[in-house]
Amino acid sequence: MIRDITIGQYYPADSPIHRLDPRTKLFGTLVYIVSLFFADNLWCYGAATLFLAAAVRISRVPFRFIVRGLKAVVFLLLISVSFNLFLTDGRVLWQAGFLKITDAGLRLALFMGLRLAYLVIGSSIMTLTTTPNQLADGLEKSLGFLNRARVPVHEISMMMSIALRFIPILVEETDKIMKAQMARGADFESGNVIRRAKSMIPILVPLFVSAFRRATDLAMAMEARCYRGGEGRTKMKPLQYERRDGFAYAVLLAYLAAVIALRLIW
Amino acid sequence: MSIKAVDLTYTYGAGTAFEQRALRGVNFEIKDGEFVGLIGHTGSGKSTLIQHLNGLLKATGGDILYHGESIYQEGYNLRALRGKVGLVFQYPEYQLFETDVFSDVCFGPRNLGLSQEEIEKRARHALRLVGFPEKLYGKSPFELSGGQKRRVAIAGVLAMRPEMMILDEPTAGLDPKGRDEILGQIERLNRQHGLTILLVSHSMEDVARYVDRIMVMNHGELAFDGAPREVFRHYRELEAMGLAAPQITYIVQELRERGVPVDDSITTVKEAAAAILGLLGKGGGEET
Ligand SMILES: Nc1ncnc2c1ncn2[C@@H]1O[C@H](COP(=O)(O)OP(=O)(O)OP(=O)(O)O)[C@@H](O)[C@H]1O
Ligand SMILES: [Mg+2]
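Chains A and B are the protein sequences, given in the same order.
Residue 51 in our numbering is what sits at position 51 of the first sequence, and the numbering runs on without skipping anything.
Residue 155 in our numbering is what sits at position 155 of the second sequence, and the numbering runs on without skipping anything.
A hint or two may mislead.
[Unchecked claim] Below, simulated DMTMM-like cross-link-like pairs (lysine to aspartate or glutamate); rule was C-alpha separation at most 20 Å, straight line:
1. B:K4 x B:E98
2. B:K58 x A:E172
3. A:K179 x B:E98
[To be verified] Stretches of chain B that chain A covers, calculated by requiring three or more beta carbons in the stretch to come under 8 Å of a beta carbon on chain A:
4. 69-83
5. 173-187
Calculated from the structure, these hints are not laboratory results.
Just so you know, even glycine gets a beta-carbon here, dropped at the ideal spot from N, CA and C.
With the hints as extra help, turn the sequences into a complete structure.
Next up, the structure:
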């Protein structure tokens, strides 16, 4: 059910990927996403698949767990695939009424589907193997140069890490609220769109009430411990690149070079 | 007529690193009209267990029989079951959502598809049963005190006219007076209205005073199941589980160890006072 949402969730395990510096993982994910948009033939996607499969394997996160994250975007995936499949011009392979499948459409749909799926899987590997705190640290340090342009980098990364941390909490809370209302006979599955939207009210109201309460509690708890933003704040565990990060960057560059080469050659 | 758990097993997050075996082969039967207390340390599986009884969680193994029928069989009407086995969760905040108390209590009976008249009748009746003051019916549920919220939450389930009520720690966070009032009302629902009650609690003291039978959970297993006096005899094992028998049990045991022949099946202060006064030759008729 609602618990299938794995975005923003951390999966504890002891793997080389878990141990990488968060900056390496952030940059790696970015490069991977760019490579997906760069890829335009089967060979490129082959390389992307290989890279992703290796990352999943090394991360020791069960594959089932990663796929569960895909379920949340299955609808989006289906829409974009069918749009591309039926609405692209080209050599017609199959036709029924105004629906037709062309060779270009097939190709585009396949690539679009793969691209979206890999994008979600790739970024969930990053969030699954990095604690929200590490992630925020990584972002803060990588974007530190923006400080000079008076961008409040620390505050932004703090907000981000809190928001990420709240996702699983809110998901859990939604689950509890749904159960409490189901125990009173609530029905979220039947009826037309309007009825279903209305049946969400008994979930949304308690959820908002509790989210606001949590937010004020958290703000209070932070102030009670004298939090006052990033100025002059030092770290207990400053981020430091290790040998394995160098290795990871090397692999990443090799992958990027391979994708570019495959695209240029074919 | 009863609800029965057969070899009930439940594992959270099966197959992931979060795997957590919350129930390991639980067996019991609760008959109509019983008043049962469910006790166990934090994380022993109480909340998990009770969510099985109205089909909110589906067991990974074993079965639940309601009036002899498996609730897991094809086509079983779980929504109807939830109207019969009322479950009140630990935190009333998770279910209150309407703009006023009265409409909130109407939510349950409305989901049963009753007429407006019947819905309002039941809501009013339920609120009266839990002793909620009539002048607050129009108030927002978010502006109530903790004890009042708890009452509205209980009324919200009671208004569905269930045959059985399960209450998850209905007294958590209440002061002694509020606690006694709520427990007293629950007791009345059982004694006067014949409702089967399953009361989840941390406090032996509370439970000993009201229930006919105690079930003790320990690490997902049912450790003891019996009348309070029988269960409290195992007070040393209870202690090892991070629980404790009511204080009076310790006094009685201490007295017995010192050679005072008091009955060791005593579970309440009243009984103990009577027994001690009886031994002192004062007839034991007075109350403390
Ligand atoms: N949604 C969940 N996901 C994963 N594990 C859970 C979940 N809910 C409970 N657990 C685990 O299952 C076990 C039993 O939890 P449960 O909530 O049933 O205990 P409890 O006896 O009700 O405790 P308490 O007295 O604190 O309410 C615990 O170890 C808990 O960590
Ligand atoms: Mg509980």
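Status of each hint after checking the structure:
Restraint check for K4 of chain B and E98 of chain B: not satisfied, since their Cα atoms lie roughly 35 Å apart, outside the 20 Å limit. As the CA atoms of K58 of chain B and E172 of chain A are separated by approximately 17 Å, the hinted pair is consistent with the 20 Å bound. Taking the CA atoms of K179 of chain A and E98 of chain B, the gap is near 17 Å; set against the 20 Å cutoff, the hint holds. Counting residues of the segment 69-83 of chain B whose CB lies closer than 8 Å to any CB of chain A gives 3, so the stated coverage by that chain holds, three being the minimum.
Note: the segment 173-187 of chain B has 0 residues with beta-carbon separation from chain A under 8 Å; the three-residue rule is not met and the coverage is violated.
Hints 1, 5 from the earlier list are contradicted by this structure; the remaining hints agree with it.
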